[in-house]
Amino acid sequence: MAIVECRAIRKVYGALEVMRDFDLKVDDHEFVVFLGPSGCGKSTMLRMIAGLEEISGGELLIGGARMNDRDPGDRGIAMVFQNYALYPHMSVRENITFGLERSGVGKAAIDDRLVPVVEALGLGVYLARKPAELSGGQQQRVAIARAMIKTPEVFLFDEPLSNLDAKLRGSLRVEIARLHRDLKTTSIYVTHDQLEAMTLADRIVLMKDGRIEQMGTPEEIYQAPATVFAAGFIGTPNMNFLQLQLTEEWLGDNLVKFAAPGGIRQGEVTVGIRPGSFRVSEEAQAFRGTVERNEFHGETRLISLKNERHEINISVPAHIRPAIGEVLGVEVASSDIHVFDPGTGLRLN
Amino acid sequence: MRRGRSLPYVFLGPTLGILIVLALVPTIYAINISLQNRTLSAPNADYVWFANYLALFSDARFLNALWVSFKWEIISVTATMVTGLAIGIAMFEAASPRMRNILCVLFIIPVLLPRVCAAFVWKFAFHPLYGALTWPVRELTGITPDILSTPLGALLAVAFVDVWQWGLFFAVIILKLLESLPPQPLEAARIDRATRFEIHRFVTLPMLKAPLISLLLVKAIESLRSFDLVYVMTRGGPGISTETLDMYAYSQGFIEAGKISYASSMAVIMMVLTIVTFTFTWKRLNR
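Residue numbers (this note's numbering), protein chains in the order written: chain D, 1 to 349; chain S, 350 to 636.
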């Protein structure tokens, strides 16, 4: 177990700089998730930590020691890949023990270490099989076992659940969370799936274009997104964004009027409101619009409301059943309103 | 489903037909001749049944040819595979993509050369007085090496030309096979503390087992047909030290004695040996 420190890490491909000044400290036992859209550099960062990708500048420290020029095998890490990366010609057992054999661990010691790992992941009956004879979920379990048995200082996960179907993804996610609770190994997990990030992470590192957009616990990022990008990326259904005027007593324009959150500079602002923050009521005047679309999501219903200038999505309990074309009024508590600077995209309240 | 049944025969039919005419008929004819005492000088012949075969096993020159063929097969196939693997892996590890392309083109050229041309080029290079290879040796040491006139040297020199043609070509194929592998298992192996050598020993080469076996068998079959190479470079000499089975059968059948039945019996034995060996090897390696 160890602390991972990235100090001003930089990555260039030829003349193209894809990452600059990446600073991050992952604490002992911490589960950090790199979250971001594809091409944001999260996998590149993980591969630099693993040693599979050269670090162009800056310093990487694991457990206090500089790792920049060390081989992947000497960094005390173990990695789980998106496409499992199992050795296709080896049995499950050989796949799991390959790393220990290469590090010169004795036969008896390997057998001792194999038993608990195989048990933890329920792989007992598959040990003699080849990877091709296993399902995707089982293959990824073997890959996790292969990483676990090395008792690494740091676990690296590169989108481990992206190739699995939705149901399996859910159950394996729970399993990864349980393993981390038991082993407490420092972990870095890359994903583009916000649900995985929210449920697994102690801390989310939200990335965009090779930079850290925001860092914080899932609650912090959800409740107080630092930028318009963070606000739009986290949360389903997506946040509504409106361009409005902020004055002393209200926030809005000639069609919309919300109560103004205090302590912010006045003028043009970008306002973000989550669909679930709206309350429907007869007399509400904050936003009135006609129902354009009505999607049934099970427990809730996603309704789009449109007036002459704005269109918003609101999430309401499923028993509210407005007809298409009906006019609805909604209101929002001022604490649920996120205000951003339209120029810089930074949070104002 | 009756409609689909005939389709395989439609596709296989013409190929099988050609094979029967081109391969089966001559084979049966050869077996038939091998049971007679036909020579090129006499028009008639009688059936002597297995007399030719019995005579072969007390013919020291035939036993030598069998042994030479066996040595040739082992040396040329092993050397080609080892050279191909070594150069292929070296290119994969060390060469930039641009360098790889240049080397691949260069390495394919020898195999494009007809066998006879390659044999003549190298025979001249090995020439004791005018050879490009022997000249620096003579300048440096003062002795005149005549590689093709020593039994071992002749065999190795012919094998060298074979490897020059096929080993380099195999290196290109092996490089392309390595490039076609998914990179992740190799990365996983690096994280598993495997050295570069161990990655190839335990991961890439086992992953390429099936295509490598195919290459091995292709080369083994190809080595059986190196009559032209041996014929041009040494004519089986010095003495009979590089006389393979096909060389000996050729000289018995056409050059020295015209004993066509005797030569045919050798061809039949060679065919049986080849079929048995290859079936055995194929089953063994594919297990």
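Please note: incorrect hints may appear among the correct ones.
Stated by the list, open to error - Think about it this way: if two alpha-carbon atoms lie no more than 30 Å apart in a straight line, the pair counts; the simulated DSSO-like pairs of lysine-lysine are: (1) D:K130 with S:K420; (2) S:K558 with S:K472; (3) D:K208 with D:K184; (4) D:K107 with S:K525; (5) S:K472 with S:K632; (6) S:K420 with D:K107; (7) D:K130 with S:K525.
Don't read these hints as lab results, they were simulated from the structure.
For each hint, the structure was consulted:
At most 30 Å may separate the alpha-carbon atoms for a hinted pair to count; D:K130 and S:K420 exceed this at roughly 38 Å. Between S:K558 and S:K472, the direct Cα distance comes to roughly 36 Å. Violation of the 30 Å bound is thereby established for this hinted pair. For the hint pairing D:K208 with D:K184, the CA-to-CA distance comes to about 28 Å; that is within 30 Å, so the pair holds. Taken as a hint, the D:K107 and S:K525 pair is broken in the structure, with Cα atoms around 36 Å apart against an allowance of 30 Å.
Restraint check for S:K472 and S:K632: the C-alpha separation of about 38 Å exceeds 30 Å, so the hint is violated. A hinted pair counts as satisfied when its Cα atoms are at most 30 Å apart, and S:K420 with D:K107 does not qualify at roughly 41 Å. A distance of roughly 25 Å separates the Cα atoms of D:K130 and S:K525; the hinted pair therefore holds under the 30 Å criterion.
Hints 1, 2, 4, 5, 6 from the list above are not met by this structure, while the remaining hints are.
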